[in-house]
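*Asks:* Listed below are the residues making up each chain.
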Amino acid sequence: MPIAVEFQNVSRHFGSVRAVDDVSVAIEEGAFFAMLGPSGSGKTTCLRLTSGFERPSAGHVRIFGEDCEGVPPNRRPVNTVFQDYALFPHLSVRDNVAYGLMVRGLDKTERYARADEMLELVKLPGYGSRKPAALSGGQRQRVALARALVTKPRVLLLDEPLGALDLKLREAMQDELKLLQGSLGITFIFVTHDQGEALSMADRVAVFNQGRIVQVGTPQDIYERPRTRFVADFVGSANVLSPAQSRAAGGPEKWVSLRPEAIMLTPAPQARVSGTVTGIRYLGAMNRVSVALGEAMLVATVPSGAALPPVGAETGLTWDTRSVHEMDGE
Amino acid sequence: MMQVARKGPWAALSDLFWRRPGVLLIVLLGPPLIWLVVIYIGSLVALLVQSFFSIDEFSGLITHEFTLKTYGELLRPSNFDIILRTTLMAASVTIASAFIAFPIAYYAARYATGRMKAFFYLGVMLPLWSSYLVKVYAWKLILAKEGILNWAIDGIGASAVLNGLLALPVIGGNSLSVSYVGTFLVFLYVWLPYMILPLQAALERVPRNLLEASDDLGAQSRQTLRYVILPLALPGLIAGSIFTFSLTLGDYIIPQIVGSSRLFIGQAVYAHQGTAGNIPLAAAFAVVPIVIMGLYLWAAKRKGAFDAL
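These protein sequence lines are chains A and B, in that order.
Here our numbering is used: the first residue of the first sequence is 1, the next is one more, and so on.
Here our numbering is used: the first residue of the second sequence is 1001, the next is one more, and so on.
Quick caveat, the hints were computed from the structure, so don't treat them as lab data.
Bear in mind that the values here come from a model prediction, so they are computed numbers and not experimental data.
Each statement offered as a hint is correct.
Calculated cross-link-like contacts (lysine-lysine; reagent style DSSO-like; alpha-carbon spacing at most 30 Å):
| id | chain 1 | residue 1 | chain 2 | residue 2 |
| --- | --- | --- | --- | --- |
| 1 | B | K1303 | A | K131 |
| 2 | A | K108 | B | K1303 |
| 3 | B | K1301 | A | K131 |
| 4 | B | K1135 | B | K1145 |
| 5 | B | K1301 | A | K108 |
| 6 | A | K152 | A | K131 |
| 7 | B | K1135 | B | K1117 |
| 8 | A | K123 | A | K152 |
| 9 | A | K131 | A | K168 |
| 10 | A | K108 | A | K152 |
Could you build the full structure based on these sequences and the hints that come with them?
*Replies:* Rendered as structure tokens:
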């Protein structure tokens, strides 16, 4: 696969702040790529470096092999779905979608025909004559998507595309975006701070922290084999043990992560460690049991229906050593 | 047990307002509404009524009978010229101030921050703090034949251009201070802040991400200006033009001090209600700007100028 977007030692400084600090990453054509990180970690700046709204302080951004230095946003083959959609409030939905075609000089009949096609694709047929203000959040999201896709960009950038939607709508849109990306076959790069969203939608994920990429990999890599303590902490509900805690539990003297589903409750004789149950949360298909082991706290998930010790009781815990994952302490 | 801590008339009043929000609304809105309706609208209605009376040409007394005769007099060439002259002047002042104000307002709204912004506000507002008359007389001196502007134009060797301009029929004259060009310049100077401020407020409200979206979708800067910025700033532009247009329509001091001696509407009103004692005709003249502004706003609304509000 050719490379769609490549960052080569890219930095972007705002005064003394290093928003993006020596980032190198290559995103293949046709990928669904997520940039995941807490706010202020540099992921949105990376997106804006790709769209051209920011210029690198150092390094090179290449789109399909071409260095983008000096190429303004309106001449890059990438379009953006903005975080709050940025629909033009004075234009109808159809004119919003057709905007990219209008500025390219297409006549009215053709651009409206293509805009209506696009509205059909995002499942909003017949909404063309409305104003954006008359639409719900989810519908605006779809219009923004149609507007960004109508000019057939080779790369679509999505900035927290689902951040403003409620949970149910967000899940539906996740599926739709994934399907849409599959059928169009173009590269999607999306920025999110929601690890669940990143893991469920993307084929590859880059985890950002403090302007740097900490880890790039498939969702499985990120989830099961976090490279650093930060990734394990940020990406999920993994138990993170310090070297001392790990050693006390009979493991290596290193930072380790241990997934809650890998831990089993067991009677004391077979247990690796034992502690006090401090809380049980019912999550539908499973229960989430918190167990205090002196300083450390381990969380285990137990399928619903299995016997549970009461809160305050002593319980033993065990796990397969193969599910213990060593990582950097950063 | 519920805690009822407060007693007394104020507590009772506060409870009443809580139970009946409408009472509070009436108490708060009543006085300004009375002022607005009685004094403001009332005087306008009195003016309108006056314009339907007429003056008896022999006795010079006002006949209190409904007639359209006074409005008919407005159409007399000498009077109609005044209306035409004033409207054309107001329109040119408005258009010119829009062109001058836009870049200033755009810079202030998009780029100026901190000290630059304070400097901008000071620069725009400062002229409004000094007396209007002082400014107009200052301009008379600036524009006079022996004034600084003539001297400067002479200095750069461009007096041929100025003389050419002054030699033009109608708008020319002996010097800038006695020509329509002079009147226009002073109007432009005096009313410009009233165009800049609403325009700047409107431009400030255009979200930056809309400009980025336009850019991202492939628009050139001038296309973004034409299809995004201007439509969204249009309410501000209209607000500013209402100021510059109506202020020019009603002004009677500037054309008296700077310009040819031919009358503008404001001067006509002043003359008819004063020495001439023709209150009905003065009232009819005063209605003209109101009608013109009404037509202008109606046309602006039909064109969708306020859709972005």
